[in-house]
Amino acid sequence: MSRELRITLIASGALVLTGALLYASLFTLGVLPRLGFAPGYALTAASGDRLTSEDLRGSVVLYTFAPAGGDGEGRDTGAVMQEVRARLAPEDTADVPVRMVSIVLDTDAPPALAAAASRAGADGDVWRFASGPHDALRTVVRDGFGVWFDRQADGSVRYDPVFVVVDGMGIVRAHHRVGLPGADILLRDIRSILREARAATGPARLAYEAAHLFQCYPTR
Amino acid sequence: MTRLLGTALLASLLLPLAACDRYEPHGTLIEPMAVPDFTLVSADGEVRKSDFEGQLVVIFFGFTACPDVCPDTMGRLARAVRMLDPREAEQIQVLLVSVDPERDGPAEIDRYASRFDERFRGLTGSREQIATVASGYGIFFEETPLEGGGYTVDHSAYTIVLNRQGETVLIWRYGLDAEDLADDLRYLIRNA
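Protein sequences appear in the order of chains A and B.
According to this note's numbering, the first sequence is numbered sequentially starting from 2.
According to this note's numbering, the second sequence is numbered sequentially starting from 465.
Just chain B, with the same shape it has in the complex:
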């Protein structure tokens, strides 16, 4: 009894000190925040956010004709996932949601995503569906005409990570190194 109480007392006093050694994430870690479910389409048919509950879901909004930010981000995510050991990697699902539904059909966006890593999936939908999903995740996107004709799409460049319950727990700004992304994923695999 005495030993038990002594341990409890010691633990209560050491708790604040233990906090000093806590992991400092490279992204912005937040208390779980609910985000709306969604239904989009992939090459294999309809996909819901809730289909991935039990996994950590990494969501990036981009498009296949994107010249820089999207391939760069997807490449970093692919390298980060490959840095994990296989048992860790299978707990991660990366989703690329198209912000260019006119040009990105389900097959195109899925093929584009899987080019970075065969486990990655690409999703699209109607313009209204995409606008609703993007708005729910705070993502801005807008078609911008190009001088020589055609258009590109300006869009937010951050990446969102959901925990196993489908809640937002981490936000990555654009440009973090793959090593940093992998560190954060390992932390979330252990703690989220």
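Next up, chain A with everything else stripped away, as it sits in the complex:
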């Protein structure tokens, strides 16, 4: 074997190995795509206080959307939220807080929101219930989060059961519309954002941005 051929083979092997290592390490990071800005909003919380998107800046936020009376059979977003809350509770997320918001689609009366929050077991700190006037909800929920809902003449609401995960910069990172993901998928999304947020400086940040560049996104 000539010297030139040997060098060619070694160089090719090294390039393939470097590429494979890079691909493997980036794919392992499994970042979530940045889908767009989540809408800015000012809603009324169950406590009667105002809840704005700015209050939650810096936190990873899991949103869901439902009537105050809860979901219909077979699509219980409330139960999934409860499971996420329970399984996150023992984890240390003090550095990057995780919050949950249930946006109520059929009433913005604080007593009704408080009753719904109480039934769901929401504590008002990590998990809050909030709503707003119909026009504001249309702008925030339908136009902003891209979640379809429609109030009926009898006061009931037709809607898409959806979970949306937003990062600390206010960017939508996951939007689960078709079928209801279980708590496992939502926890995977939240933990993925937490890992990325904790690696927000130095060479680790470059690795995460490279993962975005090569679209190393997890599959369901």
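Be a bit skeptical, because a hint or two may be false.
Footprint (simulated), chain B over chain A, 3 or more residues, beta carbon under 8 Å [unchecked claim]:
1) 33-39
2) 136-147
3) 165-178
25 Å max Cα-Cα, derived SDA-like pairs, lysine to any residue [claimed, not checked]:
4) B:K513 x A:G147
5) B:K513 x A:P182
6) B:K513 x B:A656
7) B:K513 x B:P535
8) B:K513 x A:R35
9) B:K513 x A:A90
10) B:K513 x B:I494
11) B:K513 x A:T94
12) B:K513 x B:L493
13) B:K513 x B:L610
14) B:K513 x A:I8
15) B:K513 x A:G180
16) B:K513 x A:M170
17) B:K513 x B:G630
18) B:K513 x A:L36
19) B:K513 x A:F146
In silico contact screen, one side only, chain B against chain A (beta carbon under 7 Å); selected entries [unchecked claim]:
20) A595
21) G602
22) F604
23) V617
24) S620
25) Y638
26) L640
It should be emphasised that the hints constitute simulated quantities derived from the structure, not laboratory data.
Quantities reported herein were computed from a predicted structural model and do not represent experimental measurements.
Every residue gets a Cβ at the ideal spot worked out from N, C-alpha and C, and that includes glycine.
Put chain B on the given structure of chain A with help from the hints.
Chain B alone, transformed into the frame defined by chain A:
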């Protein structure tokens, strides 16, 4: 041939090391993220986001009667742009979008913006237009009554930078120094 392959091999091994010297931005730099186009009005008529493609666009949402955050941010942006050399500065377009369309007409908001730097432009529109644009950029704003009468507007205070293709590439939190803003702009001029 041998020399070429040797160089390629060396480059592949040095690439990760080169990354260690990369610029650390003061704002949050992200992979380009699409944001919706918009049509608003300035003193000179209709303005679209797409009118500025080819330039780096810095967008801040504020209002002319804002007592603190808006003049402070606009002042820092003006100082940052003045720190750039003229060829760099001409690649930057700062836009102030009003979150108080009832009081800020096209002439008022444009005059207010250009008071900080004559190249800055102020934009406004109907309340619905502003709400749609603000929502597309994740901006919250809400009128809040004042005790003595009248109102102020609470609003998000971050600044968004778009690349030459009109995609979001950088987000600045409120309060960064003009020097830091200028450093980030220089980096984007070279790389965005």
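Each hint, compared with the structure:
no.	hint	in the structure
1	33-39	holds (count 4)
2	136-147	holds (count 4)
3	165-178	holds (count 3)
4	B:K513 x A:G147	22 Å, holds
5	B:K513 x A:P182	36 Å, violated
6	B:K513 x B:A656	17 Å, holds
7	B:K513 x B:P535	23 Å, holds
8	B:K513 x A:R35	21 Å, holds
9	B:K513 x A:A90	43 Å, violated
10	B:K513 x B:I494	20 Å, holds
11	B:K513 x A:T94	38 Å, violated
12	B:K513 x B:L493	20 Å, holds
13	B:K513 x B:L610	33 Å, violated
14	B:K513 x A:I8	52 Å, violated
15	B:K513 x A:G180	36 Å, violated
16	B:K513 x A:M170	22 Å, holds
17	B:K513 x B:G630	7 Å, holds
18	B:K513 x A:L36	19 Å, holds
19	B:K513 x A:F146	22 Å, holds
20	A595	6 Å, holds
21	G602	3 Å, holds
22	F604	3 Å, holds
23	V617	11 Å, violated
24	S620	6 Å, holds
25	Y638	10 Å, violated
26	L640	15 Å, violated
Of the hints listed earlier, those the structure fails to meet are numbers 5, 9, 11, 13, 14, 15, 23, 25 and 26, in rising order.
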